[in-house]
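Visitor: Residues per chain are reported as follows:
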Amino acid sequence: MSEARTLVFEIFRYNPQDPDTAPHIQRFEMREEPHLTLYLALNYIRENLDPSLQFDFACRSAVCGSCAMIVNGRPVLACRTRTADLANTIRLQPLPVFELIGDLSVDTGRWFRGMAEKVEAWIHSNEPFDPSAPEERMEDELARTIYESERCIECGCCVAGCGVALTRDDFVGPAGLNRIARFMLDPRDQREDAEWFEVVSSDEGVFGCIGLMACQDVCPKELPLLEVHAYLRRKMLLSKAPDLLKNISARRKESAPKTPS
Amino acid sequence: MDAILNTDVLVIGGGLAGERCAIEAANAGQDVIIASLIPPRRSHSCAAQGGMQAALGNCAMGDGDNPNVHFLDTVRGSDWGADQEVVRMFVDEAPAAVRELAYFGVPWTRVTAGTQTHFIKGRKVELTESEENAGLLMQRDFGGTAKWRTCYAAAGTGHAALYAIDGEVVRLGITVRDRVEALSLIHDQGRCHGAVVRCLRTGKIGVIIAKATVIATGGHGRIYGKYTTNATINEGTGTAMALATGVVPLGNMEAVQFHPTGLWPSGILVTEGCRGDGGYLLNRKLQRFMVDLEPEKQELASRDVVSRHMMTQIREGLGVDGPFGTHLWLDIRHLGREHVHTKLREVYEICQDFLGLDPADELIPVRPTQHYSMGGVRVNKDGQAYGMSGLFAAGEAACWDMHGFNRLGGNSLAETIVAGRIVGARAAQFAGGKTDGPDPALVEHSVREQQEVIADWLARSGNGPTVYEIRDRLAETMMGKVGIFRNGEELEEAVTDIYDLIQACDTAVLRSKVPGMNPELAFALRLPGMLRLALVTAQGALARTESRGAHSRTDYAARDDARWLKRTLARWPHGATAPVFDYEPVGLLDLPPAGRGYGKSSIIEMSEELADYNETVSEEQQRHGRLDSDSPFGANLRAGEWRKATGEVS
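Note that the protein sequences, when read in sequence, are chains A and B. At position 170 of the first sequence the residue is numbered 170 (our numbering), and the sequence of numbers has no breaks. At position 523 of the second sequence the residue is numbered 523 (our numbering), and the sequence of numbers has no breaks.
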């Protein structure tokens, strides 16, 4: 076996509650162990090298979305990031866009609650729940499609990687657009396309996206965000100009490419 | 956060149980605040993979299912430790609660008509789903059940449910204070008025005054340190707060569930759905040892039984020696790539992320790992805490007690929403009838107490141990001596160890005194509570000289219904240095104690007549602090109804 590496961590430090401190980078060194993840490494640093270091983990199994941070310039979930996949020097920074709580800890909770309020991320049903009735039926294939987009864990990686979200705080972000698509797909949600139009079609919504599409590259759940954007654009276009695409495709003398409608 | 907030109902904990309570209370017109350590969608409910049991009977292998069969499975699973009236309330309400989640938007997996291939007990089986049920909620097999009853959304049921429930919380505009930790309850020994809290953004102390307070802080698996599937936040803060009142008892803390398939070595959960869908457990020789050991249920005996067989394999040298210690294998390769990558997608992702393997091609290293706390804040059937009016508890933090000494897979996630509905309504009702606020002096006193605790930590100096050292020593004691197999000698050592740790904690020092939330201080504030929870767990286990469900004593191998058909109640009187133990009857025995049909069945029978036992239950429980419900004692039991269960033998 080759000799264990010494890892160098360069970690962004700032405690807004401490008037005596200013943002800076702090360096830590530790020996690499087999199967070391950033979850284990950061806890090692806090418990042995600097107990004041702030970061967030909860499930440590890549499902709760607490631990997103910038690792060597890229937003990732820290818990599932193995040091073996990284170079000797590992630079850790908090996610941008979100308010800094301290060091690597940022306030994703308020941001996502605000997004959920803005896009009204719940099923809009006109009927009350009837506890004595059997459930409404759904094709399993549709359930699977909804589940696909429901898999977003709101970690904030896509938001941190989004050129628009970095400069505009009213943009709902890729996660917000995904959430909208999730409810649009769901027949239990009785919102009409026109009701969606305001939030989706403005530049706070899908037309705010400038198409860099880093969101899809950095999504730890590999959500098809590119398709989500295309789906929403097409849907909005059709809701306001239903004949437009028909005319285009007629001119092309061939059927339009297959996309979800 | 602001220094003082007022509300009707304070819910501590933003997981499924807490949020479902909050929804119910808000719908009843009460003002609600949820205080949560982390944003609600990050609560540990999100990590539940497998599903929720509800007797819908939609699929071919669920045909003929009904709440009576679910009742029988649950009481047997509990090894008769459960309160059968609560089990009945649960099984009766679970179908509506699960359907309500469909209404809230959970993308449940649905029944597809036609013939599909499944693996049952190692054989490939073709099952045909009817056209009639197409599109209804599909169900999968889980351990200890006679029917396929577990509703699921791929292997991300908890995530999907939590997002749907939280969506409802947002719709209702319920106030959520995240990164807020409750430190203590404001109470006068008999009535709870809210909590003293600490903001985990700023470190500031505040108060949330409430007419009714609900503890929904989940389990306390972290007293087992890294030997748990639980999230880092599952440190039992709410349970410890209830114990700290000196008045409220914790029930059956020695009842600790070990999940057969914790990923080795990280301890991350691998769902029971793997075995439910036909997965195998293999030893070093790649033998399916469960086939010989449990011919009837095989890999799908209850979790306590499977975990014990696995530990025995390891002890007999049949484990696989890996770089981090001995483990066994979970094999789902034969289910096929399509199945593994869709219906068990989260398992695939976890294996990829943490071990770099694809379970469609490779074996998964697993080992039994602490998973669930059956014990918790002892409450009556309304979720009202014993001995403290205005205090409620729901979900894993509570001992309601539908799980007894072993919880069935799929029953806890379902419990969160069923209990949320029931307890949320009762808490709202209580708050609606109360106008009295706390004495301001009481609030001040409660705040000062916590400020003094913090000041004490910050003032300490010297060469004492760190809080993390104490946590790690506790973990070794708990896993090593209060684990899957227990005996008197080791349990006595554990009790001594933990008393030593409690003393060590008094001399522990902080190395960081930075302003703000100070993560080391935040953990230090939880540690004494964790040690107390550990102590009542170990001491309760030592006192219980029998084996029941997950509590397995090698020196008392029989289930002793003559002496131990009882629930342990642990209190920690104010200012005392040791807990006090009492025992109450488990509840009305509608289904008479008998063998479970799996696992070993050495039973010392009840010496008392069933009727005589039942006669004493209500009075005995009242004597131990049970408060009255509007619904008469036993009224929800529907005694004898289980006799209508048919076709319950699998």
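Since the hints were derived computationally from the structure, they do not count as laboratory data. By construction, the Cβ of each residue, glycine as well, lies at the ideal position given by its N, Cα and C atoms. Misleading hints may appear alongside valid ones.
[To be verified] Computed from the model, here is a short list of chain B residues facing chain A with C-beta under 8 Å:
| id | residue |
| --- | --- |
| 1 | Ile4 |
| 2 | Asp92 |
| 3 | Ala96 |
| 4 | Thr112 |
| 5 | Thr232 |
Visitor: Would you mind marking each hint as holding or not holding in the structure?
Guide: Hint-by-hint comparison with the structure:
| no. | hint | result |
| --- | --- | --- |
| 1 | Ile4 | violated, 21 Å |
| 2 | Asp92 | violated, 11 Å |
| 3 | Ala96 | holds, 4 Å |
| 4 | Thr112 | holds, 5 Å |
| 5 | Thr232 | holds, 5 Å |
Against the hints set out earlier in the document, violations occur for numbers 1, 2.
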